[in-house]
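Student: Same order as they appear, the protein sequences are chains A and B. 1 is the number of the first residue of the first sequence in the numbering used here; add one for each residue after it. 1 is the number of the first residue of the second sequence in the numbering used here; add one for each residue after it.
You may find that some hints are simply not true.
Here are some, though not all, of the chain B residues that point toward chain A, as calculated from beta-carbon distances under 8 Å [as the list claims (entries may be wrong)]:
#, residue
1, Phe39
2, Arg53
3, Asn64
4, Val126
5, Ser128
6, Leu144
7, Gly148
8, Ala154
9, Leu157
10, Gln161
Derived coverage of chain B by chain A (criterion: at least 3 residues anywhere in the stretch with Cβ under 8 Å from a Cβ of chain A; other residues may be distant) [claimed, not checked]:
#, stretch
11, 8-21
12, 54-61
13, 107-114
14, 129-135
It should be emphasised that the hints constitute simulated quantities derived from the structure, not laboratory data. Computed from a predicted model, the values in this text were never measured in an experiment. Beta carbons: idealized from backbone N, C-alpha and C, even for Gly.
Chain by chain, the residues run as shown.
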Amino acid sequence: MSAAEETPIATQARDWHVRQLAGLTPAEAGALRDWLDASAAHAAAFAQVEALWSDLGWDETLNAQALDRAAARERRAVRGGGGLRSWLRAVLRPRRLLAAGGAGLLAAALALAVFFTLPGDPLVTAPGAGRTQVYHTAIGEIREVELADGSRVTLGGRTAIRVDFGRDARAVRLVAGGDALFEVARDESRPFTVQAGTLSATVLGTVFEVNRSSGTTAVGVVEGRVRVQGQGGGDAVLQAGDRIVAEAGAPWQREQMQPDQAARWMQTRLAYRDMPLSDIVADVNRYHAGGVRLGSADLGALRVTSSFRIDQLETALSGIALSHGLELVRTGDGGFVIRRPGPAE
Amino acid sequence: MKAELERLYAQHSAALGQALRWRFGDGPPDPDDAIQIAFEKYIELGAAARVERPRAFLFAMARNWMIDELRKMGVRQRHAERQKTDPLLARVEERTAENVLSSKERFSRLNAAIRALPERQRTLIVMSRIEELSYRQIAQETGLSQAGISREIARALTALQAALATDGEE
């Protein structure tokens, strides 16, 4: 074999590679093995193509294109119907909000997410007016409550809602900053209204969300129809995919809702870069009932970089412990201790 | 940095999850774990300063982690036949985020060559390499024959190898 610039071996190696992508029959696989065994140059050329192929997996342009293709498929799915519903299910799945009720429940329920980031009015506990209930959570606490009509509400950290159920109306008001996701039982005779900031949203159909943050309130409809009214007299009926953003003193903005905009807080994620372990432990203890303790106080000074979701707490803690040569021990009460490994046993 | 990460996460996690689920299903391994690992790697590497398109990079890390996990679990899905036919070929993707970054020069040269490929060849590589579709699936989506797909990918690889060989003295 004469040594050309671009050897036939390189060409053969590429041919084998693309044939292998197509799937080799046992006979072909045998032939490939023979070819590889025939010379070290064959094996080297083949390894080179394989390494290139492997590297392509990291290329940003190719990965970006794959993501764009995935996004295009998602858009098609949304347009094709059912996409929003499956998206919603995906968003809610981690909390098993709808899973418990099954598909029938989804059809008969609405999910409503209300996002606050500002501390709101001071929490006023309602006087003993029978039907009025106040629910609130501490910082970082996530809690699910069931309302009298069968609706369920998941409250994010530092959230307070006031619920007034009457004979012909169901009214919910967010009275302090925070986040809440409502899964509302359908009851045609008693419309369900959520008041958030300057907007109130009344359920006409099925699924929608409300966001509020520093002076801005938004309502987006996932499924069905929702009537939105503003203090300034605005009034609109939103369809699936519609979203209205209201800012104080400005006209409403109408936009299309992106599927990834809702209920993000439910996946509360903590991220730390080079922070003392003691800070992380303090944050985690707002979320984790059992609590996390340090075996000795000096461990608190260790610098840690990590990012995790609350429901991945244990994995994250064991990762942190591992990377510092520490060990994570479960305590009887459901808590954790991070400590230096003791002598064996 | 925390704010930057939160922004990144908010922007990209849903799209990443969707792409991973489309490719791998709901798991196990859990695509959410893959995303978490990808973000952790991203932080560890201090990658923010070095990666031009974090979303694609995070996706690559998450995807490669999924593949590693599947291999560890012995659940090989689409890799199955390929790896059964020849154990020699079972070793793939030994690359990690770390050595990808350490050989950044090679990767930027490769990236330039990839961008110079004809659109069709690039799309075929995306489908085969990134999405790991079979030739049959690719043929269905593109209308090309399987032989045509082989030919186009081989041509693309020729161009990429040439680009790596000429530009880089090594």
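Student: Now look at each hint and say whether the structure bears it out.
Tutor: How the hints compare with the structure:
no. : hint    : verdict
1   : Phe39   : holds, 5 Å
2   : Arg53   : holds, 5 Å
3   : Asn64   : holds, 6 Å
4   : Val126  : holds, 5 Å
5   : Ser128  : holds, 6 Å
6   : Leu144  : violated, 12 Å
7   : Gly148  : violated, 11 Å
8   : Ala154  : holds, 5 Å
9   : Leu157  : holds, 5 Å
10  : Gln161  : holds, 6 Å
11  : 8-21    : holds (count 10)
12  : 54-61   : holds (count 5)
13  : 107-114 : holds (count 4)
14  : 129-135 : holds (count 5)
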